[in-house]
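**Q** With the sequences and hints as input, model every part of the structure.
full-length UniProt numbering applies: residue 1 is where the sequence shown begins, and numbers increase by one.
To be clear, the hints were calculated from the coordinates, so they are not data collected in a lab. Careful: at least some of the hints might be erroneous.
[What the hints assert, rightly or not] No more than 30 Å apart at the CA atoms, straight line, and that leaves these computed lysine-lysine pairs for DSS-like:
1) K348 / K65
2) K184 / K65
3) K184 / K348
4) K184 / K291
[Said to hold, decoys possible] Label-pair distances were calculated between CB atoms; the ranges are:
5) A388 / G520: 38 to 44 Å
6) G401 / E73: 47 to 53 Å
7) G492 / P202: 53 to 59 Å
8) R516 / K348: 49 to 55 Å
Keep in mind the model is a prediction, meaning the values are calculated, not measured. By construction, the Cβ of each residue, glycine as well, lies at the ideal position given by its N, Cα and C atoms.
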Amino acid sequence: MDATARSESGLPIRPLYEDSALAGFDPGARLGAPGRYPFTRGVYPSMYTGRPWTMRQYAGFGTAKESNERYHELVGAGTGGLSVAFDLPTQMGYDSDEPVARGEVGKVGVAIDSIEDMRTLFHGLPLGEVSTSMTINAPASTLLLLYQLVAGEQGVTGDRLTGTIQNDVLKEYIARGTYIFPPKQSLRLISDIFAYCHRELPRWNTISISGYHMAEAGATPAQEIAFTLANAKEYVRTAQAAGLDVDDFAPRLSFFFVARTTLLEEIAKFRAARRIWARIMRDEFKAKNPKSQMLRFHTQTAGVQLTAQQPEVNLVRVALQGLGAVLGGTQSLHTNSFDEAIALPTQKAARLALRTQQVIAYETDVTKTVDPFAGSYVIESMTDELEAAALELIQAVEDRGGAVCAIEQGFQKSEIENSAYRIALEIDGGERTVVGVNKYTLDEEEPYEPLRVDPQIEIDQCARLAALRKERDGDAVRRALDELRTAAAGTGNVLHPMREALSASATVGEVSHALRDVWGVYVPRDTF
Numbered sequence: 001m002d003a004t005a006r007s008e009s010g011l012p013i014r015p016l017y018e019d020s021a022l023a024g025f026d027p028g029a030r031l032g033a034p035g036r037y038p039f040t041r042g043v044y045p046s047m048y049t050g051r052p053w054t055m056r057q058y059a060g061f062g063t064a065k066e067s068n069e070r071y072h073e074l075v076g077a078g079t080g081g082l083s084v085a086f087d088l089p090t091q092m093g094y095d096s097d098e099p100v101a102r103g104e105v106g107k108v109g110v111a112i113d114s115i116e117d118m119r120t121l122f123h124g125l126p127l128g129e130v131s132t133s134m135t136i137n138a139p140a141s142t143l144l145l146l147y148q149l150v151a152g153e154q155g156v157t158g159d160r161l162t163g164t165i166q167n168d169v170l171k172e173y174i175a176r177g178t179y180i181f182p183p184k185q186s187l188r189l190i191s192d193i194f195a196y197c198h199r200e201l202p203r204w205n206t207i208s209i210s211g212y213h214m215a216e217a218g219a220t221p222a223q224e225i226a227f228t229l230a231n232a233k234e235y236v237r238t239a240q241a242a243g244l245d246v247d248d249f250a251p252r253l254s255f256f257f258v259a260r261t262t263l264l265e266e267i268a269k270f271r272a273a274r275r276i277w278a279r280i281m282r283d284e285f286k287a288k289n290p291k292s293q294m295l296r297f298h299t300q301t302a303g304v305q306l307t308a309q310q311p312e313v314n315l316v317r318v319a320l321q322g323l324g325a326v327l328g329g330t331q332s333l334h335t336n337s338f339d340e341a342i343a344l345p346t347q348k349a350a351r352l353a354l355r356t357q358q359v360i361a362y363e364t365d366v367t368k369t370v371d372p373f374a375g376s377y378v379i380e381s382m383t384d385e386l387e388a389a390a391l392e393l394i395q396a397v398e399d400r401g402g403a404v405c406a407i408e409q410g411f412q413k414s415e416i417e418n419s420a421y422r423i424a425l426e427i428d429g430g431e432r433t434v435v436g437v438n439k440y441t442l443d444e445e446e447p448y449e450p451l452r453v454d455p456q457i458e459i460d461q462c463a464r465l466a467a468l469r470k471e472r473d474g475d476a477v478r479r480a481l482d483e484l485r486t487a488a489a490g491t492g493n494v495l496h497p498m499r500e501a502l503s504a505s506a507t508v509g510e511v512s513h514a515l516r517d518v519w520g521v522y523v524p525r526d527t528f
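**A** Structural data, given as C-alpha cells:
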C-alpha cells in the first residue's frame with residue numbers, strides 16, 4: 001500500500017491506522033451523544049433508526065406542465081420530497097422572452113415566468129403535505145413567494161408549508177455565477193427573507209448554504225466545508241445586524257454538500273462540519289437553542305464525477321456516493337441519474353437513481369444503527385484532520401475581513417481554481433484514475449439516445465407570456481412594482497410589496513428588473 005497516499009484535501013492517508021492514531025482520544029468529550037452538542041454523531045438521537053432520510057429527486061425541464069408530470073411520476077415512485085431545477089433565465093431573473101434568454105429556455109431546468117407557471121408546476125400536488133426544495137438563489141424571494149401564493153390558492157396556510165430555498169448568493173460570486181445584485185444588496189434581501197419567513201413561513205428553511213457548487217468547481221472537501229461555513233457566518237452576522245435574534249432564524253438555516261466517491265473522507269467531512277458549526281454557533285454567536293447549533297444538510301451525489309464514457313458505470317459511482325452521504329448522516333439526499341453527463345435524465349434513469357436510495361435504506365443494514373463508523377481509527381483521525389484543515393481556511397477568510405471581503409479579493413475563487421487545476425493535471429497525467437476515461441476505456445462507445453428539449457418549448461413559453469401581459473391589469477402591476485422600488489430604496493422589508501406585485505401577475509423578470517433599477521447589478525473584477 002502506498003504510504004504517501006493523500007486524500008482529496010491533500011491530507012496524508014496512512015496505510016494502517018492503529019489505536020495510537022487516537023492517542024488521548026476521549027469519545028465522550030470529542031463525540032458526545034447523537035442529537036447532542038457537538039453533534040459529531042448526528043443531529044438527531046435516533047437518526048435513521050426511526051425513519052430514513054428524505055429522498056429527493058432534483059427535477060425540472062422544459063415547461064411547467066412537463067415538469068409537473070415528472071413530479072407526479074417521482075411521487076408515485078416513492079420520493080419523499082420534491083426538488084425543483086429552474087432554467088438559466090429564471091435563475092438569473094430574466095423572463096423567457098427577453099433577448100438574453102434566447103436558446104436557454106427550459107434547457108437546464110423548468111422555465112417559471114409568473115404565477116401561472118407556478119400554478120401549472122404544482123398542479124395536483126398537495127403542498128401542505130409535500131416538502132419542496134427549490135434550487136434558486138438571486139431571485140429566491142420571488143420564487144418562494146410564488147410558491148406561497150399558489151399554496152394559498154390550495155387553501156394551505158404558510159405555517160403548514162415545509163421546504164427549502166437555496167438562497168445562497170455568496171457562493172454564486174465564488175463558484176457558480178448566477179448572481180444579480182451586488183453582495184451588500186444581496187445580503188439585505190436575504191435578511192429580509194429571514195425576517196419574512198420567521199413570521200409568515202415558520203417551518204420553511206430560509207437558506208441552504210451550499211458547498212456543493214464549490215466542490216463541483218474543484219474545491220477539496222476541506223475547502224468545501226470551510227468556505228461554506230465562512231459564508232454561513234456572514235449570513236448570521238447580516239441577520240444580527242438587521243436586528244434579528246440568532247435563535248429566531250438560525251434553527252431554519254440548512255446546508256447543501258456534495259458526496260464524492262472517496263467514501264471515507266466524505267464520511268469524515270460531514271462529521272467534522274457538524275462539529276465546527278456547533279462550536280461556531282454556540283461560542284461565537286452565543287446561540288442557546290440546540291437547534292441553532294445543528295448543522296442540518298441536504299446532499300447531492302457528485303455530478304462532476306459522472307462520465308459520458310460508459311455511462312452505466314455512473315450507477316456504481318452514484319451508489320457509493322449515496323452510501324457515503326448516508327453514513328455521514330445527511331438529512332436528505334438526491335442521487336444523480338447515470339445519464340446526466342450526456343443530457344437531461346430520462347424517466348428510467350431518474351427512477352433508477354431513486355431506487356438506489358431505496359436499496360441503501362431498505363436492503364442494507366446501515367440504517368439499523370446511528371453513526372456506524374464512530375470510533376473507527378481512520379474515520380476519527382480523518383475527522384480531526386479535516387476539522388483542523390477547515391478551521392485554518394475559515395481563519396484565512398476571517399483574516400481577509402470575512403466572506404464578502406475575501407470574495408472581493410478573489411481568495412476563495414483562486415483557492416478553488418488551484419485545486420481544480422491540480423485535479424485536471426492528475427487526470428491528464430494518469431495519477432488519478434477515472435474509469436472509462438483514462439483507464440479501462442473502450443475502443444468504441446455504445447450509442448445512447450438522450451432526452452432532449454424541444455426548441456418549440458421556448459416559442460410556446462414566450463406566447464404564454466405575451467398572453468399573460470395582455471390579460472392582466474397592467475396599471476395594477478405598474479403600481480405594485482413602483483411600491484417595490486420604493487421599499488428597495490428604503491429600509492422596509494421588500495418581500496411584502498414583492499408578493500403584491502407577483503399576485504397581480506408581475507413576472508419574475510419584471511420584479512428582478514425593479515430591484516436592478518434601485519440596487520444595480522454586480523460586475524465582477526476581470527482579474528485578481
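**Q** Check each numbered hint against the structure and report the violated ones by number, ascending.
**A** 2, 3, 7, 8
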